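For reference, the chains in residue letters:
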Amino acid sequence: MSKVQVETRINGEGVEFLCEPQQTLLEVLRETLSRTGTKEGCATGDCGACSVLLDGRLVCSCLVLGVEAEGKEVTTIEGIAGNDGLHPIQQKFLERAALQCGICTPGLIVATKALLDKHKNPDEETIRYWLAGNLCRCTGYDKIIRAVQDAAEELAYEA
Amino acid sequence: MAEAVDYKVVGTRPIRPDGVDKVTGRAQYGADLNLPNMLYGKVLRSPHAHAKIKSVDVSKALAMDGVYAAVSGADFPTAAHGDIGGEGGGDVADVAKNVMARDKVLYHGHAVAAVAATSQSIADAALAAIDVEYDVLTPVLDVDEAMADDAPLLDENCFTANLPEKPDKPSNIAAVMQLARGNVEEGFEAADVIVEGDYNIPMAHQGYIEPHACTATINEAGQATVWCCTQGHFEFRSMTAKLLGMEIADLKFIASEIGGGFGGKTVVYLEPLAVLLSKQSGRPVKMMMTREDVFRATGPTSGTHCKVKVGAKKDGTLTAATAWLAYEAGAFAGAPMGPGAMCVFAPYELENFHIEAFDVLVNKPKVAAYRAPGAPQAAHAIEVALDDLARQLDMDPIDLRLKNAVSEGTQASYGPKFPRIGFKECLEAAKAHPNYTKPLPEGAGRGVAAGFWFNVGMQSSAEVHINENGSVIVVEGNPDIGGSRASMCIMAAETLGVEYDSVRALVGDTESTGFSNVTGGSRTTFATGMAVIEACEDIIAQCKARAAATWGVDEDQVEWEDGQAVPAPGVNADVKPLSLADIAASAHKTGGPLLGRASLNAQGAGASFAVNICDLQVDAETGKVDVLGFTAVQDAGRAIHPDYVEGQMQGGASQGLGWALNEEYIFDKNGVMENAGFLDYRIPVASDLPMIDCEIVEVPNPSHPYGVRGVGETPIVAPLAAAANAVRDATGVRVNDLPLSPPRLLDAIDSAE
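Going line by line, the protein sequences match chains A and B.
For the first sequence, our numbering assigns the number 1 to the initial residue and increments by one for each residue that follows.
For the second sequence, our numbering assigns the number 1 to the initial residue and increments by one for each residue that follows.
Don't read these hints as lab results, they were simulated from the structure.
These numbers come from a predicted model, not from an experiment.
For each residue, glycine too, the CB sits at the ideal point set by N, CA and C.
Covered stretches of chain A, going by a simulated chain B footprint (3 or more residues, C-beta under 8 Å): (1) 37-44; (2) 93-103.
So, partial list: chain B residues that the calculated Cβ filter (under 8 Å) puts toward chain A: (3) Gly19; (4) Thr24; (5) Gly207; (6) Tyr208; (7) Thr290; (8) Arg291; (9) Tyr644; (10) Phe678; (11) Ile683; (12) Val685; (13) Ser687.
My request is simple: use the sequences and hints to build the entire structure.
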């Protein structure tokens, strides 16, 4: 099958890749570019484990074709921490023990980033609805919601 | 609730040592390993729920460009019967046929062939080129239908086990089990009130977010390495060796990080196929299930049909009970009817009972362990019946349970006498909890239920290495599925008397540490923790010996206090205490590196009890349930890391609520699962749930140095009935079957009106 050349930016870095036209961005990230921090839980857009930001917008990378990344800026879990250490969202997930197995964690952190980029002081209901697309089977969400609340508070304090 | 014990590290809530890698995407899970020259393996699955395989022809697939291996049942050795090991794994020959069908397919999604190709798209095309001829048979899809005399048979060689005499004809009932005590007829005659119920619960899936995945590579000498997500890499190694007729020493299993399991990753599916495909192609092979594969072909838990009858005196004293428990095994024997039967009446003092349980073959996927396997379904039946009983007696449901609760010395319904347990403490804590008496909103209901699980011990190994600066490396063999590295570090730090931050824990592969059974049965913190503690005690003994030699005193004149060797009281030695770091720094002069180790078969896993309080309301227009509050009370024995104990309680509550309210396998008349995806098999999402309040009760397990009881499974036992009882309270309508999904609930409410 002939492949398509795609130029994109991933976490601020210019990246070129070849992909089959039907390959998803998720598959390209994981299998072609070895950015395996983005996880596959369903490949049908139902679980959010593959959440990434595409030009700042939260998407399931399993529902985006690799070729659609052309000319776009992709932010994955690998791009959330800065050179000066963990992002406050990541730190609060650790402090609140908001992960058990951790497979949903990258997607939840990316989704939380999108939420807090848009809503500085979300209430619990807003957080729960924003994260309703990110399935977690281990935690019952309690500690995740608290971590997001803590992160929102910390980021508001920093700002 | 905690008894005052002076621990420095146990009971604290430090950040887990594997945490940073898991919040940054560095942690590598089952599907995250890509090797040079690697192929992608895929599985062709049966489109029929029940059929004879007339032929499988992979030649066209093999001839395709980019396809390097194709296998079907004929390529696998015939596996002998025997126990596969693991948690609820079943018979070797059955697991062999489950991973790759031989002469028959027994469920929709059953593996019939597999290929390995240079890309996923080529592998998909190769699957489409495989010719399989089937002789389609009538599927048996329901436990009652399967038990009927004239039911079509899944296995003509299946004769019901555990009957007094071998039956003269085969049956779909693979095995039966009975437990009894006293005289139930007399017991029911003595009762003032008798309640009965008939309860059906469909199959439900563990629903871990990470699909099964592995990468395998085998060399020309037959030495294989398999990287996979597993709850027990040692047991995966032994299963793979049995299924492929390989020498165990030729298989190295490396456990990746694991994205959830809940019992479902205690048995192999892909690993033997990946090894065989690698052997045929001479290249590494990576295999990843789709979510649809996970639903169709990996372990759900049994659908069940349970009947319970309970009698009581006016004061609530139970006089007799019977249970009839039929569990769907799926395509091969091995439903968790045994634990179900042993759990159903375990929380209660009963002089007269009779329990009958059935392991029943149906044309659905072979069930796998799911968190307290078999217990939630049985507990649902008895806990709903007790709720009905409490209503008839006009008695508080917690008081009814307190009246009959087992305690230390009670002869459990499943046999042994209970050692120290915390059921009454849990009931009292629930009753005293402010959430139990908090006023409910108009129209809402409150339900309570109790849960019990045995917990297990089993085999564990651990080594403790002391680095040259005194920092500590713990090596053990249990995949960390929910924070166990942190628990191991805590117990090691507590035992050695060092800081938590100076300890690291790692999960060794099958060649780098001693055998350990699965991360399952709520055994890891208990049993592997005990091995870690003993390995640390081994280090302490060595440190004392080295200090004694350094000081020129006898070993029994040295004690270990706060992480250092000190002279025993009364020993007149003018010496400075030697810390672990001091001893490590001079180890090269005192006998070489410090390496402690322990291996054990842990006894005395403390049984664990829970009590749940569920508040919810039901929308009368749509039948939708909104959970308003949930309180989980559970005896943890001792919470090593309370955050992760609460996490187990909250996660179990969430899974149990999903099972109670929405989750179910829906099959069409041909046995095709109609909801094999997360959109239609709807597990709870963040907006479905409230905060889940936890109260950890600590009645220490006398068999563990720090009092640990397993905590992972008990949390899922009570929520089904707690939710069902809350629905009854809210609506005035008793619905015995689960899930309490909008259509079922609306029907019940409408027909009650």
